[in-house]
Structure formats: structure tokens, C-alpha cells
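Visitor: If you want the building blocks of each chain, they are given just below.
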Amino acid sequence: MPPRLNTRTFARSIPLRSKPQVRWSARTATRFAPSQCRPYSDFTNSGANDRSKKIDAQPADHISEEAAKTAEIMGEQGPDMSKGTPVEEIVKGDKEAQDKLPKVMKDKLKAQGNAAPKGSRSYSTMTTQTGAGNGLDMGLVDVQAAIKTPQTPGLKFEMPTLPLPKDGHLKYRYDPVVEQVTNLIMQHGKKSVAQSNMALILQHLRTSPIPTINPAKPLLPGAPPPSHLPLNPILYLTLAIDSVAPLMRIRSQRGAAGGGVALQIPVPLGQRQRRRVAVEWILGAASKRRNVGSGKGSLAQRIAQEMVAVVEGRSGIWDRRNAIHKLGVAARANIVLPRKR
Amino acid sequence: MPPSICLRNFSRLSIDAAAHSSSASRLLHPRAAFFSTSSTRYATVAAKRKGSVLPPKKGVKSLNTKKSKKAAADAGKRPAQGERKAQRKRIVLSNNNALEVSSLKDLGKENVLSEQNEGKVMGIPGDTVDALRDVEAFKTTQGWSLFRRPAVLMRKEAVQLARLFKEVEDSAAGQQKRTIRRILSGDRKSGKSTLLLQGLTMGFLREWFVINLPEAQDIVSAHTEYAPLPDSQPTQYTQDEYTANLLQQIQKANGAFLLETKLSTTPNLPIPLPETATLKELVALGQANPEASWPVFVALWNELSQPGRPPILLAVDGLSHAMRNSEYLSADVKPVHAHDLTLIRHFIDHLSGAKKLPNGGLVLGSTSQSNSPKAAALDYSIEVAEARQKSPDDIPQWNPYKSVDARVMESLKDLHTDNKNFDVIKVGGLTKEEARAIMEYYAESGLLRHTVNDGFVTEKWSLAGMGNIGELERTSVRLRI
Numbered sequence: 001m002p003p004r005l006n007t008r009t010f011a012r013s014i015p016l017r018s019k020p021q022v023r024w025s026a027r028t029a030t031r032f033a034p035s036q037c038r039p040y041s042d043f044t045n046s047g048a049n050d051r052s053k054k055i056d057a058q059p060a061d062h063i064s065e066e067a068a069k070t071a072e073i074m075g076e077q078g079p080d081m082s083k084g085t086p087v088e089e090i091v092k093g094d095k096e097a098q099d100k101l102p103k104v105m106k107d108k109l110k111a112q113g114n115a116a117p118k119g120s121r122s123y124s125t126m127t128t129q130t131g132a133g134n135g136l137d138m139g140l141v142d143v144q145a146a147i148k149t150p151q152t153p154g155l156k157f158e159m160p161t162l163p164l165p166k167d168g169h170l171k172y173r174y175d176p177v178v179e180q181v182t183n184l185i186m187q188h189g190k191k192s193v194a195q196s197n198m199a200l201i202l203q204h205l206r207t208s209p210i211p212t213i214n215p216a217k218p219l220l221p222g223a224p225p226p227s228h229l230p231l232n233p234i235l236y237l238t239l240a241i242d243s244v245a246p247l248m249r250i251r252s253q254r255g256a257a258g259g260g261v262a263l264q265i266p267v268p269l270g271q272r273q274r275r276r277v278a279v280e281w282i283l284g285a286a287s288k289r290r291n292v293g294s295g296k297g298s299l300a301q302r303i304a305q306e307m308v309a310v311v312e313g314r315s316g317i318w319d320r321r322n323a324i325h326k327l328g329v330a331a332r333a334n335i336v337l338p339r340k341r
Numbered sequence: 001m002p003p004s005i006c007l008r009n010f011s012r013l014s015i016d017a018a019a020h021s022s023s024a025s026r027l028l029h030p031r032a033a034f035f036s037t038s039s040t041r042y043a044t045v046a047a048k049r050k051g052s053v054l055p056p057k058k059g060v061k062s063l064n065t066k067k068s069k070k071a072a073a074d075a076g077k078r079p080a081q082g083e084r085k086a087q088r089k090r091i092v093l094s095n096n097n098a099l100e101v102s103s104l105k106d107l108g109k110e111n112v113l114s115e116q117n118e119g120k121v122m123g124i125p126g127d128t129v130d131a132l133r134d135v136e137a138f139k140t141t142q143g144w145s146l147f148r149r150p151a152v153l154m155r156k157e158a159v160q161l162a163r164l165f166k167e168v169e170d171s172a173a174g175q176q177k178r179t180i181r182r183i184l185s186g187d188r189k190s191g192k193s194t195l196l197l198q199g200l201t202m203g204f205l206r207e208w209f210v211i212n213l214p215e216a217q218d219i220v221s222a223h224t225e226y227a228p229l230p231d232s233q234p235t236q237y238t239q240d241e242y243t244a245n246l247l248q249q250i251q252k253a254n255g256a257f258l259l260e261t262k263l264s265t266t267p268n269l270p271i272p273l274p275e276t277a278t279l280k281e282l283v284a285l286g287q288a289n290p291e292a293s294w295p296v297f298v299a300l301w302n303e304l305s306q307p308g309r310p311p312i313l314l315a316v317d318g319l320s321h322a323m324r325n326s327e328y329l330s331a332d333v334k335p336v337h338a339h340d341l342t343l344i345r346h347f348i349d350h351l352s353g354a355k356k357l358p359n360g361g362l363v364l365g366s367t368s369q370s371n372s373p374k375a376a377a378l379d380y381s382i383e384v385a386e387a388r389q390k391s392p393d394d395i396p397q398w399n400p401y402k403s404v405d406a407r408v409m410e411s412l413k414d415l416h417t418d419n420k421n422f423d424v425i426k427v428g429g430l431t432k433e434e435a436r437a438i439m440e441y442y443a444e445s446g447l448l449r450h451t452v453n454d455g456f457v458t459e460k461w462s463l464a465g466m467g468n469i470g471e472l473e474r475t476s477v478r479l480r481i
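Line by line, the protein sequences give chains V and D.
So the first sequence is numbered by full-length UniProt numbering: it starts at 1 and just counts up by one.
So the second sequence is numbered by full-length UniProt numbering: it starts at 1 and just counts up by one.
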């Protein structure tokens, strides 16, 4: 009989939510749907914003049940559910009961500790994506068969097929991430220079070798395999930026803490703001890199190298992001929520 | 009693000698070494008194609370001399990420001149790629680094060029061997240099003797040494280093022919050469001794002019640089015309028809629209030739207020007549079928993530200025719309 408990599950101090399966959609209808949810005022409303039915909102299974389910899926023999749950599980999280355990078990508990596994964060850094069908844009345009509109008599040209192509508008012909990065690269209002730098960055990503992902620096969940990245440079760029983008910023409120110390309050960032912060970090790191070549393409090359370093987990930006998140977790008590009426 | 005044003066001299002018002290204490600086050097510097700091100036921040910012010492190794430029000029011909195109067929000796290729994308075989690389036919601005391996679209103009190759080869059997001369002209990014490269590919595959001047600007920009050619009237100038380098390119690209061919004439060289030497040894002589490179080039040309030798392909890119004054100065500080440089003159003589290729051949010159100087006579001649092709009734007139470069006009005068051998190939936009073929190639290489259908092709074709191939690549592959 296999051991009833997977020892690895002990290591988890906080039960991680199972991640929603990200599906690849060739064309995403909406990239980012701002939620209209007001959490305290309309909790009775069970409309589209009600996430209680969602699988990721369900409380995690009991540890043995989860192990049994996993074993069933994997086709292995899991713990026998008809038998009792071991004592360790019962006393878990119960300080009073733990004191009354025999010494052997106390020592064992202490040894395993509540420490998170080395190299992984003790808190989640992923946002849940609201709205279905979201995911990374695979850059495939118009591969899906578009809906054919019925023939209408009296038209000189055919009716346009719906949905309209996303690059159909003259002013929005670039991908939103590309557009944003271009604007952030721009100096002295010289947009066409920024655009040609952007094109060089994408070309560099396209010709760079397949990145090796560092498991200690996980990319976004649902990221495509690294072999897909160089052929889709926009996805590569988006993945690098979104993976390293921080979830919050720390606002220092002066005079709120007293004693001349600023009160640090974490403030959540929107998607565009998060990307902006990430791009500015990347640009800062790139400008500190040594310029090895000569000529006009060197800035683009350094930025592209930094992007590759981010995806491969070599970049120092990851530490920066972790520091912000850690500070945010530490200062979470300073958040003042609106009073409930 | 002595006079009191005199005594007083004398005593003052002796007591406060230091307080008086230096002339007085010098008189009193004559020094041994008048030119010594040691005393001042070893004199102890009066230490600054502590606590005598001047009060802060008005408007200057005296309190510096910021942490001292030290510039990080950049101790890394610098790139070696020439490394940066080498990186900038590096030619990359392969992208391992791009997908292999299974349907891609190679050009070969048999099918390179075939008209069935029209509108197809064809791969360039490996040996030819090496030869093209040797003659510097690939440019950094071209998009070779995006694809798995070099391939070219056999467009309408390329087939037209292939037809010329065929004409020359057909005439090789008869007595009258033809020398056909063409100038490639067109808009920016319309594929002139690539068409020239296609011409060179045809030359290599059909085993012609290929001489390519990769960039006329390098010859006239005064970056290589020059020397007057003895016994030339008017004075011509040789460029020994450049010519030696050109001989090396020729040797690398046409090595097989040079190796198997023996000398048939006795060349007049400053350095002795055995009578039974091969042409390769002749060329190697020129490479090793740059001062003899021009006589070696002339000797090589004489050898190639002997009967039974292959046809010759002479090509140059950036023609407008060769149609004006060069950056060199003559002995009386007058600018040297580009036609007075021996290499350029050699090319121009064959382009203008002043000299003929005895075994037949093709002379190709390509204009450039980026980084090209104004050469009014060349532009006008091309305009006239294009007008003659399109609408012979409406030939443009020379603007009489412009100063004319008579030498250039003289060398291009055949463009103004009905000479079949000298003409212009206008490199225009692709047709939609050709655009579709190249876009399917992009899509199969994995660089274009879109279904290639009529609507999409038409859209990109129009965006690219009616099928300008460079713009087409830019909008569909380089993601710069």
C-alpha cells in the first residue's frame, strides 16, 4: 500500500488554489474586462460577477480527499478514504492540540515546520483573470473562420466579416503591448525612431535561441512552451513583461504612522500600470548594460537581451518584484478598506 | 665724521634684507647655482592652518546629505579593435528558429535560366551561397537573417535577366559574341541589389567568370590608398590594397576555374612568374604583392580575353558613386573624377561599350536609392531610357540650367539611342501573384502568422506601395506597419 499521505503536501503552508485552466484562443475577444464588482455593497447580486460558483473559488479539499482525487486521476492507488485521517491532519493548525501530542510527533512537526519550500514564495503572486476566454494572445490573426454574414442585395462591396480584424483600425494597428512599449521607449517625442527600435527588438527576439526557463522564476501560468516563443516575438515580449510585472505599488503616506515615519500602504495596479512599471524596470536594466556594439541598433539589442534574461529568470528585476510583493504583504494591515454600511 | 645718511642706508640693507626687493637680496646673498629649481621644489609647503575654512559662498549648498554617488568602475574588457565594426557588418544568413520550408526547391545549373521558375521562390544552393558571400553580394540591410536559408523570388525582372544570360550563351557558339549591358534602376527597397545578387547567382551556377565590385562607394570614398598609374595620359590612379582585396575575392569565388587554367600569354609583370603557372598562382601573386596587383589584374583580364574562356559577368552596386568626382585629390589638389580610377574606368569602359568582352558576357550596374549622391547625367540617361521603353514620343529634355558631367554623359550615350545591347531594367513592384508566392514562403517559414488569402495579399500589396518587395517584407514580417 502506498503511503497514505504525500509528504510533499505537508510542505504547503497555505493551500494553493488550483489554477484555472488557461485555454489558447486564437483570437481573444477582450483582453481585459474591468470588473464592476463592488465587494461590500452588492454581495447579494449573483450575476456575472458572482465567483462563488467557480471552481477556483471553492475551498480546497481536505488533504486526504485531494490526494485520493489526484490518485484517481493519475490512475494510482490513493489513500484509503474509509479509514481515518491521521492525527497530523487533525491537529494541523490547532496549537492547543499540538501541545498535547507525544514528543516524537511534536519533533516531527517541528522538523517539517511550517516553512515554505525553498525557492518558492509563501504567497501567491498571480492575479485571477476575470472573464472567460482570456489568455495570452497567440498572435494568430484571422486563422479562425470568420462568421459569414448573409448576402445583402444592393451593396457595392461585400459586408465585412465579423469580428472585425483587430489590426483593422489605422490608429490601433499595433498590438497594445507593442504600442505601449514603443511609447515608453520613445525619447524626445521621436516616435518613428522608437518604432524602428521596437522592430529591431522584435527581430532580435525572433532570431534569439530558444530560452531555457528557470523553474524558480515561474512565468505566467499557461505560458506556451519556450520553443514557441522566438517565432512569435510579440508573445515573447508580452510574456516577459507580464511575468515580471508587479501586482501593487507601495504608497508612502506621510504623517499617518506617526513619529515622522511614512505609512506604507500597498495599492493595487491595473494591467496597463503593471506593464508600465515592468517596462520601466526593463528599460532601466537595459540602459545599465554594457554597450558592446556600435551603430544605431545597440539600444534595441540591449533591451531585447534584458527581455530574454527576464524570461530565463536571470534578470535582477525578479528580485525587485519579489521585494515589492514582500513589502506589500508585510504592509497589508495598513490598507484601509471602505467602511461597510 | 662720516655722513649719517649713507650709514643709515647701509644698515637698512643688512638688517631687513628679506623685506626688500629681490634685487637687493640677490646682491647680498649671491647663490652658486642660478638655474637650480631644487630649493623651491624641496621647500616645505606652508601647511594650511586648521579651522581657517572660508565661510560658505552665498547660494552654494554646503550641507551634502546625499550619499556619495560613485560611478561604478567599468572594469570589463573592451571589445578589441575592429570588433564592433565587424559585429555591425556581420552577415547572418540563417535563423535556426525559422521553419524549414519543405516545398522549397533549389536553383541548379539546369533550371536557373528556365522560364518555368517565374513567380516561384527558389533556394540558393550552399556552394553558391559561399561564393556570393565571398564576393560580398549579401548586404546587412537585407532580411537574410530571418529565414532558415537564403532563397530568392524569381520575379519578372529576374526571368528577364535569365533571358539575357541565355542570349549571351547562345551567341557563344557563333562568331559574333554578344556583350549585353544593363543598368538596374528602381525605387527604394524595390530589390535592385537582390536582383543583382540573383544575376550573380546565375553567373556562378552557369560557371561564368564573375567579377563583382560590391559597393562603388568603397572605391571612391578615399578610404584606400591610391597612386598615379605610370605612363597614363591623362593621369589615372590605381588602388593597390583594394585591387589586391578584389583579386582575393575573385580567387575565392572562381577558384575552380583559376586552378585548372594555365597561362597562355606571357604577362608583363614586375615580379617574375613561371611560364607554366596556373591563373591561380597569377592571382595569388597579386594578392601577396599589392604593389603589383593592378598589373596582375590586367594580366588576368588578358588571359580571360583569350578564346575558349568562359563568358564574364561584371557587376557593380551603387552606380551613382562611380558617376561623379571621387573624394581623392590629384597632385595639383583638384578632385579626381571617378572615371580616372583604374577599377572604375575598367568597369565603365565595358558598360559604355568602349570595350567589348571578347568571349561575350554581361555588364550589370545597379543604382541605389539609399545613401546615393546626385548624379544628374546618370539620372537623366536612365529617365530617357525608361521613356524610350514606355512612350517613345515623349522623351524628357535635359535641363539646360544644370551643369552636365560630360564624361558621364559620353559613357552613357548608348542609352539615348536604339542600342539593343545597352538598356535599363526597371525594377518595379511585384505582381499580386508574385506577392502571394513570397508571402506564402513567409508563412511557411513561420514568420507570418496569418492565412494567406486574396484579401490579405491585396491588403499588404497595397500597403507596400503596389508591391514594393522591401516594404512588403517590412509590413508582413518585420511587424513595422
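Worth flagging that the hints you see were computed from the coordinates, not collected in a lab.
Hints may contain errors.
[As the list claims (entries may be wrong)] Here are the simulated SDA-like cross-link-like pairs (lysine to any residue), alpha carbons at most 25 Å apart as the crow flies:
1. Lys85/D with Arg290/V
2. Lys288/V with Gln81/D
3. Lys432/D with Asn291/V
4. Lys139/D with Leu337/V
5. Lys166/V with Leu463/D
6. Lys288/V with Thr261/D
7. Lys77/D with Glu88/V
8. Lys156/V with Thr182/V
9. Lys355/D with Thr261/D
10. Lys77/D with Lys171/V
11. Lys296/V with Gly455/D
12. Lys288/V with Gln87/D
13. Lys139/D with Lys77/D
14. Lys77/D with Arg290/V
15. Lys85/D with Pro266/V
16. Lys326/V with Leu337/V
17. Lys166/V with Gln87/D
18. Lys85/D with Pro165/V
19. Lys171/V with Lys139/D
All of these numbers come straight from a predicted model, not from anything done at the bench.
Visitor: Determine for every hint whether it applies to the structure shown.
Guide: Do the hints match the structure? See the list:
1. Lys85/D with Arg290/V: 16 Å, holds
2. Lys288/V with Gln81/D: 23 Å, holds
3. Lys432/D with Asn291/V: Violated, because 43 Å separates the two Cα atoms, which is more than 25 Å.
4. Lys139/D with Leu337/V: Roughly 62 Å between the alpha carbons, so the hint for Lys139/D and Leu337/V is violated.
5. Lys166/V with Leu463/D: With a Cα-Cα distance of about 17 Å, the restraint between Lys166/V and Leu463/D holds, given a limit of 25 Å.
6. Lys288/V with Thr261/D: Violated. Lys288/V to Thr261/D sits at ~58 Å, over the 25 Å cutoff.
7. Lys77/D with Glu88/V: 58 Å, violated
8. Lys156/V with Thr182/V: 39 Å, violated
9. Lys355/D with Thr261/D: 24 Å, holds
10. Lys77/D with Lys171/V: Given pair Lys77/D, Lys171/V is violated - Cα atoms ~45 Å apart, limit 25 Å.
11. Lys296/V with Gly455/D: 36 Å, violated
12. Lys288/V with Gln87/D: 21 Å, holds
13. Lys139/D with Lys77/D: Violated, at about 29 Å.
14. Lys77/D with Arg290/V: 10 Å, holds
15. Lys85/D with Pro266/V: At roughly 48 Å apart (the allowed maximum being 25 Å), Pro266/V and Lys85/D break the hint.
16. Lys326/V with Leu337/V: Roughly 20 Å separates the two Cα atoms, so the pair holds.
17. Lys166/V with Gln87/D: Answer violated: Lys166/V to Gln87/D is near 38 Å, above 25 Å.
18. Lys85/D with Pro165/V: 43 Å, violated
19. Lys171/V with Lys139/D: Violated: Lys171/V and Lys139/D sit about 33 Å apart, past 25 Å.
The earlier numbered hints that this structure contradicts are 3, 4, 6, 7, 8, 10, 11, 13, 15, 17, 18 and 19.
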